[in-house]
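*Asks:* Sequence:
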Amino acid sequence: MVQDAVPSPYVAAQSKELSYVVVSGGTGANSIISAFGPSPAFVLPVSDDGGSSSEILRCFGGPSIGDIRSRLIRLIPIPPDTKIRAEKELIAIYNLMAFRFPAEASEKSVRELWMEIVEGRSDLWKDIGEDKKECIRAFLVHFQTLCLRRAHKRFSFRNFSLGNGFLTGARDLFASLPSAIFLFKSIASVNAGAQVIPAINTNQTVTIAAQLANAATLVGQCTISHPTPPITPIATTPSTPLVSPIPARQGPFTQSDLSAMSISSPLTATSQSNSTTGARSPTMSMRSVRKDSRTFDTALANAIVEEFAGGNISYRKGEGEIPLEAKIEKVFYINLYGQEIFPEPNPEYLDALTQRDVLVYSCGSLWTSIVPCLNLRGLATAIAASKSLKAKVVLLNTINDRETLSYTAWDYLQALLSSLRRYDERAHWQSNKLISHVVYLEGSKVELDERPIESNGIKIIRIPQSVHHSPSGETPMFTNHLVEWAMDKVRSDISH
1 MVQDAVPSPY VAAQSKELSY VVVSGGTGAN SIISAFGPSP AFVLPVSDDG
51 GSSSEILRCF GGPSIGDIRS RLIRLIPIPP DTKIRAEKEL IAIYNLMAFR
101 FPAEASEKSV RELWMEIVEG RSDLWKDIGE DKKECIRAFL VHFQTLCLRR
151 AHKRFSFRNF SLGNGFLTGA RDLFASLPSA IFLFKSIASV NAGAQVIPAI
201 NTNQTVTIAA QLANAATLVG QCTISHPTPP ITPIATTPST PLVSPIPARQ
251 GPFTQSDLSA MSISSPLTAT SQSNSTTGAR SPTMSMRSVR KDSRTFDTAL
301 ANAIVEEFAG GNISYRKGEG EIPLEAKIEK VFYINLYGQE IFPEPNPEYL
351 DALTQRDVLV YSCGSLWTSI VPCLNLRGLA TAIAASKSLK AKVVLLNTIN
401 DRETLSYTAW DYLQALLSSL RRYDERAHWQ SNKLISHVVY LEGSKVELDE
451 RPIESNGIKI IRIPQSVHHS PSGETPMFTN HLVEWAMDKV RSDISH
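Under UniProt numbering, the letters of the sequence shown match residues 1 to 496, in that order.
No lab work stands behind these hints, which were simulated from the structure alone.
Relax, there's no trap hidden among the hints.
Under the rule of at most 25 Å between Cα atoms (straight-line distance), these lysine-lysine pairs were calculated in the PhoX-like manner: (1) Lys445 <-> Lys489; (2) Lys83 <-> Lys126; (3) Lys390 <-> Lys459; (4) Lys133 <-> Lys185; (5) Lys445 <-> Lys327; (6) Lys330 <-> Lys433; (7) Lys133 <-> Lys83; (8) Lys459 <-> Lys445; (9) Lys185 <-> Lys132; (10) Lys390 <-> Lys433; (11) Lys88 <-> Lys185; (12) Lys88 <-> Lys132; (13) Lys459 <-> Lys433; (14) Lys330 <-> Lys445; (15) Lys433 <-> Lys387.
It should be emphasised that the depicted structure is a prediction, and the values quoted were computed from it without experimental measurement.
Given the sequences, and given the hints that come with them, work out the whole structure.
*Replies:* Here is the structure:
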(Lines of atoms letter the chains of each structure in order from A and count residues from 1; the text may use other names and numbers.)
(Lines give C-alpha, C1' and ligand atoms only; values in the text may rest on other atoms or scores of the structure.)
Protein backbone atom coordinates (compact mmCIF):
# COMPACT_ATOMS: atom_id res chain seq x y z
CA MET A 1 0.00 0.00 0.00
CA VAL A 2 1.31 3.44 -0.88
CA GLN A 3 1.78 5.59 2.21
CA ASP A 4 -0.04 8.57 0.65
CA ALA A 5 -3.17 6.43 0.33
CA VAL A 6 -3.41 5.85 4.08
CA PRO A 7 -5.98 8.29 5.51
CA SER A 8 -4.69 8.10 9.07
CA PRO A 9 -1.13 8.86 10.20
CA TYR A 10 -1.44 6.08 12.77
CA VAL A 11 -2.16 3.25 10.33
CA ALA A 12 1.02 1.21 9.83
CA ALA A 13 2.61 0.85 6.42
CA GLN A 14 1.72 -2.82 6.42
CA SER A 15 -2.01 -3.11 5.83
CA LYS A 16 -2.33 -6.10 8.17
CA GLU A 17 -1.38 -4.00 11.20
CA LEU A 18 -4.03 -2.16 13.19
CA SER A 19 -3.91 1.08 15.13
CA TYR A 20 -5.61 1.31 18.51
CA VAL A 21 -7.28 3.70 20.89
CA VAL A 22 -7.37 2.07 24.32
CA VAL A 23 -9.68 3.15 27.14
CA SER A 24 -8.17 2.03 30.43
CA GLY A 25 -7.24 2.90 33.98
CA GLY A 26 -3.75 3.46 35.31
CA THR A 27 -2.94 -0.13 36.29
CA GLY A 28 -5.38 -2.46 34.54
CA ALA A 29 -3.68 -2.22 31.14
CA ASN A 30 -0.10 -1.52 32.18
CA SER A 31 0.96 -5.13 31.67
CA ILE A 32 -0.47 -5.37 28.14
CA ILE A 33 0.44 -2.04 26.52
CA SER A 34 3.03 -3.64 24.23
CA ALA A 35 0.25 -5.61 22.52
CA PHE A 36 -1.06 -2.45 20.86
CA GLY A 37 1.98 -1.67 18.76
CA PRO A 38 4.35 1.30 18.88
CA SER A 39 1.80 4.10 18.47
CA PRO A 40 -1.43 3.47 20.39
CA ALA A 41 -3.61 6.17 21.92
CA PHE A 42 -4.35 5.59 25.61
CA VAL A 43 -7.33 7.38 27.16
CA LEU A 44 -7.21 7.60 30.95
CA PRO A 45 -9.48 9.06 33.65
CA VAL A 46 -8.52 12.11 35.72
CA SER A 47 -10.81 11.36 38.68
CA ASP A 48 -8.58 9.14 40.86
CA ASP A 49 -8.40 10.44 44.42
CA GLY A 50 -6.27 7.70 45.99
CA GLY A 51 -2.59 7.15 46.72
CA SER A 52 -0.22 10.11 46.44
CA SER A 53 -2.69 11.79 44.07
CA SER A 54 -5.01 12.36 47.03
CA GLU A 55 -2.43 14.54 48.77
CA ILE A 56 -1.82 16.61 45.63
CA LEU A 57 -5.58 17.10 45.25
CA ARG A 58 -5.93 18.08 48.90
CA CYS A 59 -3.29 20.77 48.67
CA PHE A 60 -3.38 21.98 45.07
CA GLY A 61 -6.55 20.73 43.40
CA GLY A 62 -6.47 20.15 39.65
CA PRO A 63 -7.11 16.94 37.71
CA SER A 64 -5.67 13.71 39.05
CA ILE A 65 -2.48 12.75 37.22
CA GLY A 66 -1.60 9.45 38.95
CA ASP A 67 -2.99 7.18 36.21
CA ILE A 68 -1.40 9.33 33.50
CA ARG A 69 1.98 9.24 35.23
CA SER A 70 1.75 5.46 35.59
CA ARG A 71 1.09 5.01 31.86
CA LEU A 72 3.80 7.45 30.79
CA ILE A 73 6.38 5.62 32.89
CA ARG A 74 5.37 2.31 31.29
CA LEU A 75 5.91 3.85 27.86
CA ILE A 76 9.53 4.82 28.57
CA PRO A 77 11.59 2.56 26.25
CA ILE A 78 13.89 0.73 28.68
CA PRO A 79 16.97 -0.55 26.79
CA PRO A 80 18.01 -4.21 27.23
CA ASP A 81 21.53 -3.19 28.28
CA THR A 82 23.39 -0.05 29.29
CA LYS A 83 26.52 0.03 27.17
CA ILE A 84 26.23 3.63 26.05
CA ARG A 85 25.56 6.88 27.89
CA ALA A 86 22.13 7.48 26.33
CA GLU A 87 20.89 4.08 27.55
CA LYS A 88 22.14 4.72 31.08
CA GLU A 89 20.45 8.12 31.03
CA LEU A 90 17.13 6.61 29.95
CA ILE A 91 17.17 4.10 32.80
CA ALA A 92 18.11 6.87 35.25
CA ILE A 93 15.17 8.99 34.04
CA TYR A 94 12.87 5.99 34.47
CA ASN A 95 14.15 5.44 38.02
CA LEU A 96 13.70 9.12 38.83
CA MET A 97 10.16 9.44 37.48
CA ALA A 98 9.08 6.10 38.99
CA PHE A 99 10.64 6.85 42.38
CA ARG A 100 8.21 6.74 45.31
CA PHE A 101 8.99 7.92 48.81
CA PRO A 102 8.47 5.47 51.71
CA ALA A 103 4.94 5.55 53.07
CA GLU A 104 5.82 4.71 56.67
CA ALA A 105 8.87 6.92 57.22
CA SER A 106 8.68 10.06 59.32
CA GLU A 107 7.73 13.27 57.59
CA LYS A 108 11.05 14.82 58.61
CA SER A 109 13.13 12.13 56.91
CA VAL A 110 11.17 12.18 53.64
CA ARG A 111 11.28 15.97 53.50
CA GLU A 112 15.06 15.82 53.85
CA LEU A 113 15.17 13.29 51.02
CA TRP A 114 12.92 15.54 48.90
CA MET A 115 15.18 18.56 49.41
CA GLU A 116 18.27 16.62 48.33
CA ILE A 117 16.46 15.66 45.13
CA VAL A 118 15.24 19.20 44.45
CA GLU A 119 18.68 20.65 45.12
CA GLY A 120 20.27 18.17 42.71
CA ARG A 121 22.38 16.34 45.32
CA SER A 122 20.61 12.96 45.27
CA ASP A 123 22.12 9.84 43.72
CA LEU A 124 18.94 9.61 41.64
CA TRP A 125 20.44 12.25 39.32
CA LYS A 126 23.43 10.07 38.51
CA ASP A 127 23.73 9.30 34.77
CA ILE A 128 21.23 12.04 33.82
CA GLY A 129 22.86 14.67 31.62
CA GLU A 130 23.08 18.21 32.93
CA ASP A 131 20.67 19.52 30.28
CA LYS A 132 17.84 17.13 31.15
CA LYS A 133 18.65 17.26 34.85
CA GLU A 134 18.14 21.01 35.01
CA CYS A 135 15.01 20.79 32.86
CA ILE A 136 13.43 18.19 35.16
CA ARG A 137 14.65 19.91 38.31
CA ALA A 138 13.06 23.20 37.26
CA PHE A 139 9.59 21.68 37.48
CA LEU A 140 10.36 19.95 40.79
CA VAL A 141 11.50 23.35 42.09
CA HIS A 142 8.20 24.80 40.90
CA PHE A 143 6.36 22.04 42.77
CA GLN A 144 8.34 23.00 45.88
CA THR A 145 7.23 26.59 45.31
CA LEU A 146 3.62 25.41 45.24
CA CYS A 147 4.18 23.66 48.57
CA LEU A 148 5.62 26.84 50.09
CA ARG A 149 2.73 28.95 48.79
CA ARG A 150 0.35 26.60 50.56
CA ALA A 151 2.54 25.89 53.57
CA HIS A 152 -0.48 25.96 55.87
CA LYS A 153 -1.71 22.76 54.20
CA ARG A 154 1.47 20.89 55.22
CA PHE A 155 1.87 18.74 52.11
CA SER A 156 2.99 15.23 53.08
CA PHE A 157 5.79 13.65 51.05
CA ARG A 158 5.16 10.16 52.42
CA ASN A 159 4.27 7.77 49.57
CA PHE A 160 4.90 10.68 47.18
CA SER A 161 5.66 9.88 43.53
CA LEU A 162 8.33 12.07 41.92
CA GLY A 163 6.62 11.62 38.55
CA ASN A 164 3.46 13.11 40.02
CA GLY A 165 5.47 16.05 41.33
CA PHE A 166 7.04 16.68 37.93
CA LEU A 167 3.71 16.52 36.09
CA THR A 168 1.97 18.72 38.67
CA GLY A 169 4.71 21.34 38.48
CA ALA A 170 4.61 21.33 34.68
CA ARG A 171 0.80 21.41 34.53
CA ASP A 172 0.65 24.35 36.90
CA LEU A 173 3.38 26.29 35.09
CA PHE A 174 1.90 25.68 31.62
CA ALA A 175 -1.72 25.76 32.84
CA SER A 176 -2.12 22.70 30.61
CA LEU A 177 -2.03 18.98 31.41
CA PRO A 178 -1.51 18.01 27.73
CA SER A 179 1.56 20.27 27.65
CA ALA A 180 2.93 18.57 30.77
CA ILE A 181 2.39 15.18 29.11
CA PHE A 182 4.19 16.38 25.97
CA LEU A 183 7.16 17.53 28.07
CA PHE A 184 7.34 14.19 29.92
CA LYS A 185 7.30 12.28 26.63
CA SER A 186 10.02 14.48 25.16
CA ILE A 187 12.36 14.17 28.14
CA ALA A 188 11.81 10.40 28.52
CA SER A 189 12.10 9.60 24.78
CA VAL A 190 8.58 8.12 24.62
CA ASN A 191 7.57 7.25 21.05
CA ALA A 192 6.07 10.39 19.56
CA GLY A 193 3.28 8.37 17.95
CA ALA A 194 2.07 6.99 21.29
CA GLN A 195 -0.58 9.24 22.81
CA VAL A 196 -1.58 9.55 26.46
CA ILE A 197 -4.89 11.40 26.52
CA PRO A 198 -6.79 12.63 29.61
CA ALA A 199 -10.46 11.74 29.08
CA ILE A 200 -11.34 15.32 30.04
CA ASN A 201 -9.09 18.30 29.31
CA THR A 202 -9.37 20.46 32.41
CA ASN A 203 -7.28 22.19 35.06
CA GLN A 204 -10.00 21.75 37.68
CA THR A 205 -10.50 18.96 40.20
CA VAL A 206 -12.66 16.18 38.76
CA THR A 207 -14.93 14.20 41.10
CA ILE A 208 -17.11 11.19 40.34
CA ALA A 209 -20.02 9.76 42.32
CA ALA A 210 -21.94 6.50 42.16
CA GLN A 211 -25.65 5.93 42.62
CA LEU A 212 -26.46 2.51 44.07
CA ALA A 213 -29.57 0.43 43.56
CA ASN A 214 -30.67 1.20 47.14
CA ALA A 215 -30.56 4.97 46.37
CA ALA A 216 -27.36 5.51 48.35
CA THR A 217 -24.73 7.79 46.81
CA LEU A 218 -20.98 7.30 47.09
CA VAL A 219 -18.75 10.30 46.39
CA GLY A 220 -15.17 9.95 45.15
CA GLN A 221 -13.34 7.13 43.40
CA CYS A 222 -11.81 5.74 46.60
CA THR A 223 -15.16 5.61 48.36
CA ILE A 224 -16.66 3.76 45.40
CA SER A 225 -13.82 1.39 44.66
CA HIS A 226 -11.82 0.92 47.85
CA PRO A 227 -12.89 2.79 50.99
CA THR A 228 -9.96 3.25 53.34
CA PRO A 229 -9.99 3.61 57.11
CA PRO A 230 -10.39 7.09 58.54
CA ILE A 231 -7.22 8.93 59.47
CA THR A 232 -6.18 7.76 62.92
CA PRO A 233 -3.20 8.55 65.13
CA ILE A 234 -0.27 6.15 65.08
CA ALA A 235 0.69 4.90 68.49
CA THR A 236 4.43 5.51 68.66
CA THR A 237 6.87 5.46 71.52
CA PRO A 238 10.59 6.17 71.66
CA SER A 239 11.15 2.41 71.54
CA THR A 240 8.95 1.87 68.47
CA PRO A 241 9.84 4.56 65.91
CA LEU A 242 8.46 4.45 62.37
CA VAL A 243 11.97 4.19 60.97
CA SER A 244 15.42 3.98 62.45
CA PRO A 245 16.87 7.41 63.18
CA ILE A 246 19.04 8.78 60.38
CA PRO A 247 22.28 10.28 61.69
CA ALA A 248 23.22 13.78 60.67
CA ARG A 249 25.68 14.02 57.79
CA GLN A 250 27.16 16.52 55.37
CA GLY A 251 26.91 14.68 52.02
CA PRO A 252 23.85 13.69 49.97
CA PHE A 253 21.84 10.50 50.43
CA THR A 254 23.66 7.41 49.19
CA GLN A 255 22.19 4.08 48.07
CA SER A 256 22.92 2.65 51.52
CA ASP A 257 20.93 5.48 53.09
CA LEU A 258 18.02 4.73 50.77
CA SER A 259 18.21 1.04 51.67
CA ALA A 260 18.14 1.92 55.37
CA MET A 261 14.88 3.77 54.75
CA SER A 262 13.43 0.78 52.83
CA ILE A 263 13.79 2.64 49.53
CA SER A 264 15.00 0.89 46.40
CA SER A 265 15.26 1.52 42.69
CA PRO A 266 11.92 1.01 40.87
CA LEU A 267 13.66 -1.28 38.39
CA THR A 268 14.98 -3.59 41.10
CA ALA A 269 12.51 -3.10 43.93
CA THR A 270 10.54 -6.01 45.29
CA SER A 271 6.85 -5.59 45.94
CA GLN A 272 5.91 -4.36 49.37
CA SER A 273 2.54 -4.28 51.02
CA ASN A 274 1.28 -1.71 53.47
CA SER A 275 -1.65 -3.01 55.41
CA THR A 276 -4.43 -0.87 56.78
CA THR A 277 -6.87 -1.65 59.51
CA GLY A 278 -10.38 -0.64 60.31
CA ALA A 279 -13.12 0.25 57.86
CA ARG A 280 -15.12 3.27 56.89
CA SER A 281 -18.82 3.00 56.25
CA PRO A 282 -19.24 2.11 52.57
CA THR A 283 -21.91 4.78 52.13
CA MET A 284 -21.15 8.49 52.06
CA SER A 285 -23.80 11.16 51.73
CA MET A 286 -23.52 14.08 49.33
CA ARG A 287 -22.95 16.35 52.33
CA SER A 288 -19.72 14.59 53.25
CA VAL A 289 -18.00 15.17 49.91
CA ARG A 290 -14.25 15.75 50.40
CA LYS A 291 -13.43 19.38 51.07
CA ASP A 292 -11.50 20.54 48.05
CA SER A 293 -8.46 22.79 48.26
CA ARG A 294 -10.04 25.28 45.89
CA THR A 295 -12.71 26.18 48.43
CA PHE A 296 -11.49 25.54 51.96
CA ASP A 297 -8.89 23.63 53.89
CA THR A 298 -9.06 20.04 55.01
CA ALA A 299 -8.98 19.85 58.79
CA LEU A 300 -6.29 17.70 60.36
CA ALA A 301 -7.87 17.54 63.79
CA ASN A 302 -5.25 19.83 65.33
CA ALA A 303 -2.42 17.40 64.64
CA ILE A 304 0.54 17.49 62.31
CA VAL A 305 0.65 15.25 59.27
CA GLU A 306 3.39 12.91 60.43
CA GLU A 307 1.37 11.79 63.45
CA PHE A 308 -1.33 10.27 61.27
CA ALA A 309 -1.75 7.17 59.14
CA GLY A 310 -4.49 5.73 56.97
CA GLY A 311 -6.65 7.53 54.45
CA ASN A 312 -6.29 7.37 50.69
CA ILE A 313 -2.60 8.25 50.67
CA SER A 314 -1.60 4.73 51.75
CA TYR A 315 -4.11 2.83 49.65
CA ARG A 316 -2.93 -0.39 47.97
CA LYS A 317 -5.19 -1.87 45.29
CA GLY A 318 -6.97 -5.10 46.25
CA GLU A 319 -6.31 -5.04 49.98
CA GLY A 320 -9.28 -5.79 52.24
CA GLU A 321 -12.06 -4.84 49.83
CA ILE A 322 -15.46 -4.35 51.45
CA PRO A 323 -18.43 -5.46 49.31
CA LEU A 324 -20.86 -2.74 48.25
CA GLU A 325 -24.22 -2.77 50.00
CA ALA A 326 -26.01 -2.65 46.61
CA LYS A 327 -25.13 -2.75 42.92
CA ILE A 328 -23.99 0.39 41.16
CA GLU A 329 -26.63 1.82 38.83
CA LYS A 330 -24.57 4.65 37.38
CA VAL A 331 -21.39 6.66 37.86
CA PHE A 332 -21.50 10.37 37.10
CA TYR A 333 -19.48 13.57 37.48
CA ILE A 334 -20.36 16.14 40.13
CA ASN A 335 -19.32 19.71 40.94
CA LEU A 336 -18.29 21.06 44.34
CA TYR A 337 -21.94 21.37 45.35
CA GLY A 338 -22.74 17.73 44.65
CA GLN A 339 -24.71 18.51 41.49
CA GLU A 340 -24.36 16.28 38.44
CA ILE A 341 -22.42 17.83 35.56
CA PHE A 342 -21.99 16.68 31.98
CA PRO A 343 -18.42 17.22 30.73
CA GLU A 344 -17.40 16.86 27.11
CA PRO A 345 -14.63 14.52 25.95
CA ASN A 346 -11.14 15.84 25.36
CA PRO A 347 -10.90 16.91 21.67
CA GLU A 348 -7.77 14.73 21.36
CA TYR A 349 -9.93 11.79 22.44
CA LEU A 350 -12.44 12.52 19.69
CA ASP A 351 -9.65 12.93 17.14
CA ALA A 352 -8.22 9.53 18.08
CA LEU A 353 -11.62 7.94 17.42
CA THR A 354 -11.54 9.31 13.87
CA GLN A 355 -7.99 8.15 13.13
CA ARG A 356 -7.62 4.67 14.65
CA ASP A 357 -8.78 1.24 13.50
CA VAL A 358 -9.82 -0.41 16.76
CA LEU A 359 -11.31 0.91 20.00
CA VAL A 360 -10.39 -1.27 23.00
CA TYR A 361 -12.29 -1.13 26.28
CA SER A 362 -9.53 -2.54 28.49
CA CYS A 363 -9.75 -4.81 31.48
CA GLY A 364 -9.59 -2.97 34.80
CA SER A 365 -11.90 -1.37 37.36
CA LEU A 366 -15.16 -1.10 35.43
CA TRP A 367 -16.98 1.72 37.19
CA THR A 368 -14.05 3.86 38.39
CA SER A 369 -11.51 3.46 35.55
CA ILE A 370 -13.38 2.62 32.34
CA VAL A 371 -16.80 4.26 32.79
CA PRO A 372 -15.40 7.74 33.67
CA CYS A 373 -13.85 7.71 30.19
CA LEU A 374 -17.24 6.88 28.62
CA ASN A 375 -19.94 8.88 30.42
CA LEU A 376 -19.16 12.00 28.42
CA ARG A 377 -21.45 14.07 26.23
CA GLY A 378 -21.75 12.86 22.65
CA LEU A 379 -19.12 10.12 22.99
CA ALA A 380 -21.46 7.31 21.93
CA THR A 381 -22.17 9.07 18.65
CA ALA A 382 -18.45 9.70 18.10
CA ILE A 383 -17.79 5.97 18.52
CA ALA A 384 -20.75 4.66 16.54
CA ALA A 385 -20.39 7.13 13.67
CA SER A 386 -16.61 6.89 13.32
CA LYS A 387 -15.59 5.99 9.77
CA SER A 388 -12.17 4.73 10.83
CA LEU A 389 -13.12 2.39 13.67
CA LYS A 390 -13.52 -1.13 12.30
CA ALA A 391 -14.02 -2.82 15.67
CA LYS A 392 -14.88 -1.94 19.26
CA VAL A 393 -13.47 -4.64 21.52
CA VAL A 394 -14.02 -5.36 25.23
CA LEU A 395 -11.28 -7.19 27.14
CA LEU A 396 -13.51 -8.83 29.74
CA ASN A 397 -12.25 -8.95 33.31
CA THR A 398 -11.47 -12.45 34.54
CA ILE A 399 -12.49 -11.83 38.14
CA ASN A 400 -15.05 -9.60 39.85
CA ASP A 401 -14.16 -7.01 42.47
CA ARG A 402 -16.01 -4.75 44.91
CA GLU A 403 -17.51 -2.73 42.05
CA THR A 404 -18.76 -5.75 40.08
CA LEU A 405 -19.70 -8.37 42.65
CA SER A 406 -21.55 -11.31 40.98
CA TYR A 407 -21.42 -9.64 37.54
CA THR A 408 -21.75 -11.78 34.44
CA ALA A 409 -20.19 -10.89 31.09
CA TRP A 410 -23.46 -9.33 29.93
CA ASP A 411 -23.61 -7.22 33.11
CA TYR A 412 -20.23 -5.74 32.16
CA LEU A 413 -21.38 -4.96 28.65
CA GLN A 414 -24.65 -3.46 29.87
CA ALA A 415 -22.72 -1.14 32.20
CA LEU A 416 -20.58 0.08 29.30
CA LEU A 417 -23.54 0.49 26.97
CA SER A 418 -25.76 2.29 29.48
CA SER A 419 -22.95 4.68 30.41
CA LEU A 420 -22.37 5.59 26.77
CA ARG A 421 -26.08 5.99 25.99
CA ARG A 422 -27.00 7.97 29.09
CA TYR A 423 -24.92 10.96 28.05
CA ASP A 424 -25.63 10.92 24.34
CA GLU A 425 -28.53 12.68 22.62
CA ARG A 426 -28.79 9.84 20.10
CA ALA A 427 -29.30 7.08 22.64
CA HIS A 428 -30.80 4.74 20.03
CA TRP A 429 -27.44 3.41 18.82
CA GLN A 430 -27.54 -0.37 18.55
CA SER A 431 -25.32 -2.32 20.91
CA ASN A 432 -23.05 -3.67 18.17
CA LYS A 433 -22.37 -0.12 16.98
CA LEU A 434 -20.74 0.59 20.34
CA ILE A 435 -19.32 -2.87 21.11
CA SER A 436 -18.54 -5.31 18.30
CA HIS A 437 -16.44 -7.98 20.06
CA VAL A 438 -15.85 -9.24 23.59
CA VAL A 439 -12.72 -11.22 24.45
CA TYR A 440 -13.24 -13.94 27.06
CA LEU A 441 -10.52 -16.01 28.74
CA GLU A 442 -11.72 -19.57 29.33
CA GLY A 443 -11.42 -20.44 33.00
CA SER A 444 -12.40 -16.92 34.01
CA LYS A 445 -14.40 -16.51 37.22
CA VAL A 446 -16.80 -14.19 35.39
CA GLU A 447 -19.73 -16.15 33.95
CA LEU A 448 -20.11 -15.92 30.16
CA ASP A 449 -23.83 -15.64 29.35
CA GLU A 450 -23.67 -16.01 25.58
CA ARG A 451 -27.35 -15.64 24.61
CA PRO A 452 -27.91 -11.92 25.42
CA ILE A 453 -24.47 -11.03 24.04
CA GLU A 454 -24.92 -12.75 20.70
CA SER A 455 -28.56 -11.69 20.38
CA ASN A 456 -27.32 -8.08 20.43
CA GLY A 457 -24.98 -8.74 17.53
CA ILE A 458 -21.80 -8.79 19.63
CA LYS A 459 -19.25 -11.45 18.70
CA ILE A 460 -17.44 -13.51 21.33
CA ILE A 461 -13.73 -14.28 20.98
CA ARG A 462 -12.75 -17.11 23.29
CA ILE A 463 -9.15 -17.61 24.34
CA PRO A 464 -8.93 -21.32 25.20
CA GLN A 465 -6.80 -22.83 27.94
CA SER A 466 -4.61 -24.35 25.25
CA VAL A 467 -3.60 -20.80 24.34
CA HIS A 468 -3.35 -19.05 27.72
CA HIS A 469 -1.86 -22.14 29.49
CA SER A 470 -3.08 -21.11 32.94
CA PRO A 471 -2.92 -24.04 35.40
CA SER A 472 -6.23 -25.64 36.29
CA GLY A 473 -7.85 -23.83 39.20
CA GLU A 474 -5.93 -20.59 38.65
CA THR A 475 -7.62 -17.50 37.25
CA PRO A 476 -6.15 -16.61 33.83
CA MET A 477 -4.95 -13.07 33.23
CA PHE A 478 -4.42 -11.06 30.05
CA THR A 479 -0.84 -10.84 28.78
CA ASN A 480 0.71 -9.15 25.76
CA HIS A 481 0.71 -12.48 23.93
CA LEU A 482 -2.96 -13.18 24.65
CA VAL A 483 -4.10 -9.70 23.63
CA GLU A 484 -2.11 -9.98 20.40
CA TRP A 485 -3.74 -13.37 19.78
CA ALA A 486 -7.20 -11.86 20.30
CA MET A 487 -6.45 -8.87 18.08
CA ASP A 488 -5.37 -11.25 15.31
CA LYS A 489 -8.83 -12.83 15.55
CA VAL A 490 -10.42 -9.38 15.36
CA ARG A 491 -8.27 -8.52 12.34
CA SER A 492 -9.33 -11.70 10.57
CA ASP A 493 -12.99 -11.03 11.33
CA ILE A 494 -13.08 -7.44 10.08
CA SER A 495 -11.09 -8.26 6.94
CA HIS A 496 -13.79 -10.66 5.70
